[in-house]
Amino acid sequence: MALMKMQKVAIFFPRSDRDRLLSLLQDEGRVEMLDLKESSVAEDVEVSEVTSVEADRIASDVKRAIEDLHEFEEKGGILGGFGGGRVIVTKDEFENIVRDFDFESVLKEIEELESRRTELRTRLTHLESFIARLEPWLNLDVPLEEIASTENVAVVMGSLTGRSPQALAKALAEVSGTYVMEVVSQQERQAHLILWYHRVEAEVVEEVLRRNDFEAETFEDLKGLPGELTAEANREIAGINSELEKLRARGAELVRHKPRLMIVHDYFDQEAHKAHAQALVGTTERVGVIQGWVRRHEFDQLVKEVTSAIDSAEVLKIEPEPGESPPIELKNRWIIKPFEVITELYGMPHAREVDPTPLAAPFFALFFGFCLTDAGYGIVLIILSLLLMKYLRTGHKLLWLIFAGGLTTIFMGAITGGWFGLTEETIPPWLGFVATLRRTLMQFDPLKNPMLMFGIALALGFIQVTFGLIIEMIENFRARDALAAVFDQISWIVLLWSAVLFGAAKIGAIEQTHISVFKWAAIGAAIAIIGFSHRVGKNPVVRLGWGLYNLYGITGYLGDVLSYARLLALGLATGGIAMVINAVALMAKGIPGVGYAAMILVLAGGHTLNIAVNALGGFVHSARLQYVEFYPKFFEGGGKRFKPFARELKYTHLVEKAS
Amino acid sequence: MDPIGLAIAIFGAAISAFLAGTGSAVGIATAAQTADGVLSEDPEKFGKLLILVALPGTQGIYGLLGTFLVIQKLGLVGGASVGLNLWQGFQIFFASLPVAIAGLFSALHQGKTCAAGVELTAKRPDEMMKGVIYAAMVETYAIFGLVATILLLNGIKLG
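Those protein sequence lines, which keep their order, are chains A and B. Position 564 of the first sequence, counting from 1, maps to 564 under this note's numbering, and the rest follow consecutively. Position 89 of the second sequence, counting from 1, maps to 89 under this note's numbering, and the rest follow consecutively.
There's no promise every hint is true.
[Said to hold, decoys possible] Result set (DSS-like, lysine-lysine): computed pairs, CA atoms no more than 25 angstroms apart in a straight line: (1) A:LYS8 / A:LYS317; (2) B:LYS48 / A:LYS643; (3) B:LYS48 / A:LYS258.
[Said to hold, decoys possible] Taking CB as the label site, the calculated pair distances span: (4) B:GLU119 / A:ALA202: 54 to 60 angstroms; (5) B:ALA116 / A:VAL584: 31 to 37 angstroms; (6) A:ARG189 / B:PHE11: 58 to 64 angstroms; (7) A:GLU319 / B:SER40: 24 to 30 angstroms; (8) B:GLY75 / A:LEU601: 40 to 46 angstroms; (9) A:SER60 / B:GLU127: 30 to 36 angstroms; (10) A:ARG250 / B:ARG124: 34 to 40 angstroms; (11) A:SER308 / B:GLU127: 36 to 42 angstroms.
These are calculated hints, taken from the structure and not from any lab test. Glycine included, C-beta positions come from ideal geometry on N, C-alpha and C.
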């Protein structure tokens with residue numbers, strides 16, 4: 001239960017060895033480098049600016065190619081979106097591939113392939129809209145170029161929407177004696193037609209057309225019959241499609257390069273990081289300097305690594321500057337380690353306070369179990385977390401957390417009789433041992449007695465809230481602030497507990513012999529809070545006013561404790577929905593023919609979904625209880641997380657030996 | 001035995017699944033639409049965003065649980081239906097309201113919060129869980145609605 005001890009270091013080295021040192025630091029990943037510009041040595045050294053980095057450009061080109069290839073890959077179903085799909089290689093293989101693989105030519109081919117595809121697809125869209133435009137004119141048996149105006153006769157082609165050609169003809173007949181109209185095609189609401197008229201009547205005819213919302217269409221550059229033009233376009237489309245198909249096949253072939261491209265990407269990405277890290281190196285004419293933080297117990301190792309690689313380098317322990325606090329890394333035993341996820345999510349503690357993780361861990365685990373309360377689900381979670389640990393190489397911390405949650409879920413499920421939502425009536429006879437097990441372990445049925453479950457949830461909340469106060473009290477005593485400990489925490493602990501015990505005695509839940517003790521303790525504590533919780537300033541009225549206001553804070557504690565009622569609801573929701581799933585499954589069994597298959601489908605799908613939704617809910621709400629109800633009682637936070645300069649691989653995973 | 005009482009009780013059971021479920025459907029739609037936008041740029045985020053999109057779905061589940069609890073209380077499944085009078089029917093109806101209405105509004109607003117969480121995740125994928133926690137704050141009041149419904153139903157004496 002603590003924070004990792006950190007040591008500030010300075011590394012001096014010959015300027016010419018800069019890149020070698022950076023590679024070493026990146027490989028070992030022990031040092032968080034500091035920006036020398038913010039340090040007091042800034043005046044004496046020159047800090048280089050890194051503007052553009054070639055490696056950055058290559059990495060982003062390779063990344064684009066990898067993403068392009070993505071489209072040609074065999075899809076792993078919807079689940080493909082979940083897995084990272086990293087390439088697993090040894091360091092040697094990694095380096096060999098970076099050295100030997102002619103990625104430039106592959107990149108070029110992928111780029112050409114993509115640009116050709118884009119070009120073809122643009123053409124395809126163009127042709128499709130061309131065909132759509134010609135479609136109404138397919139009946140026309142005159143080549144388009146022959147429908148042209150002459151010296152005396154004007155001709156227009158176009159469409160009429162929402163009006164009938166007959167109505168137009170009638171309107172035209174009123175103003176013109178020379179027009180000829182031919183309807184080429186007619187759909188329900190739209191007609192396409194050609195109109196000839198004498199130029200003398202142009203003005204009046206065009207006026208009529210305007211009034212009828214006639215939309216003119218021109219095919220100026222086109223020659224030939226619409227039918228022929230369409231056929232030609234269709235032939236071109238077929239050609240494009242077959243070329244696209246070929247390109248697609250070629251793309252699918254190129255997918256085999258993807259793992260190697262991923263390796264190349266990671267290589268250049270690392271190089272880019274290293275280049276950016278140069279901005280953190282200070283140099284004089286001959287010497288380079290890096291300042292940073294290292295875990296104290298790794299200091300000796302760092303010295304060994306650096307000096308054995310670069311003879312004349314020197315690693316020195318240095319004092320932090322005034323007001324500078326070290327970066328934070330949590331350090332806990334294996335059993336608490338998984339719970340660090342919770343604190344890391346919230347934010348790191350600052351350098352001089354306790355790590356809240358071990359204090360929150362038992363509560364978190366228990367609350368998670370409370371939200372699920374089904375021993376069967378607990379077993380599933382444990383199996384699932386172990387399986388995933390076997391197949392995934394990252395995220396083990398979270399998986400162990402789920403494992404721990406699985407254990408408490410089994411416990412909570414056992415005492416409340418939750419086994420996949422089965423009840424005495426629905427347990428099939430061949431699962432008789434489950435029924436016996438359930439009966440033996442079960443202490444109460446939360447569905448029949450929700451008040452008990454409610455009480456337990458609030459009691460747990462009350463315990464955690466006062467526990468938070470006790471931690472802050474100890475912190476205050478440690479900081480030699482006894483006044484704060486007595487009036488800000490002890491008085492509240494006494495007030496809360498005596499008020500609760502008084503209430504319990506009053507309703508007869510506990511013996512009434514000490515009831516007056518509780519009463520006076522509560523009153524005494526309240527007076528202490530009114531009188532002494534505001535300890536700055538001399539004006540007694542202001543002081544008492546603030547004291548009263550602080551006492552009003554008791555509603556906050558009430559709210560905190562009531563917030564734990566969520567445990568009851570989430571727990572019942574899991575069990576209740578599990579029972580609903582079983583009931584539906586039993587109904588499905590009645591479907592003739594496919595009864596058993598349907599039942600199994602409902603059971604598997606339903607329970608999987610229920611576990612997923614409630615495990616997420618259990619995690620989130622248990623975390624929230626720590627963040628909102630527990631941590632603020634004693635925890636300030638604001639520490640900066642320790643982030644050593646290290647390899648950050650996106651697509652690959654380096655292993656020692658080939659498996 | 002009053003058939004109107006039973007009908008009113010069933011109205012209560014139905015309304016909790018119906019209102020909370022409607023809220024969830026709309027809430028998920030809000031979050032999913034934003035997530036679709038992000039996926040158009042970065043399809044790899046599907047798994048991460050799914051959590052935020054699914055989150056407003058829980059209110060519908062709470063509503064369904066409310067329905068289930070009433071069904072159980074009334075013994076509607078299994079045939080051993082308890083008799084209840086008009087006023088008991090109303091009691092069950094009113095007891096169903098907290099999860100129904102708190103569920104409805106909590107899901108609608110959680111959908112918006114999750115959509116913002118999706119945007120947060122698009123820009124800073126590592127901070128996704130913080131968006132989830134904020135969204136869970138909104139869910140709290142649907143849960144309290146469910147707590148109220150559970151406790152109220154538990155307090156109603158039938159038979």
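So, going through the hints one by one against the coordinates:
Among the hinted pairs, LYS8 (chain A) with LYS317 (chain A) is consistent with the structure: their alpha-carbon atoms are about 6 angstroms apart, no more than 25 angstroms. For a cut-off of 25 angstroms, the pair hint linking LYS48 (chain B) to LYS643 (chain A) stands: about 23 angstroms separates their Cα positions. With a C-alpha separation of about 23 angstroms, the suggested pairing of LYS48 (chain B) with LYS258 (chain A) holds against the 25 angstroms cut-off. A C-beta distance of roughly 58 angstroms is found between GLU119 (chain B) and ALA202 (chain A), which places it inside the suggested range of 54 to 60 angstroms.
Distance hint for ALA116 (chain B) and VAL584 (chain A): a CB-CB separation of about 35 angstroms, consistent with the stated range 31 to 37 angstroms. Between ARG189 (chain A) and PHE11 (chain B) the C-beta distance comes to about 47 angstroms, which lies outside the given range of 58 to 64 angstroms. In this structure the supplied range 24 to 30 angstroms is violated for GLU319 (chain A) paired with SER40 (chain B), their Cβ-Cβ distance being about 52 angstroms. The supplied range of 40 to 46 angstroms is broken by GLY75 (chain B) and LEU601 (chain A), whose beta-carbon atoms lie about 28 angstroms from each other.
Remark: the range hint 30 to 36 angstroms for SER60 (chain A) to GLU127 (chain B) is contradicted by a beta-carbon distance near 23 angstroms. A C-beta distance of roughly 37 angstroms is found between ARG250 (chain A) and ARG124 (chain B), which places it inside the suggested range of 34 to 40 angstroms. Between SER308 (chain A) and GLU127 (chain B) the CB atoms are about 40 angstroms apart, so this pair conforms to the stated range of 36 to 42 angstroms.
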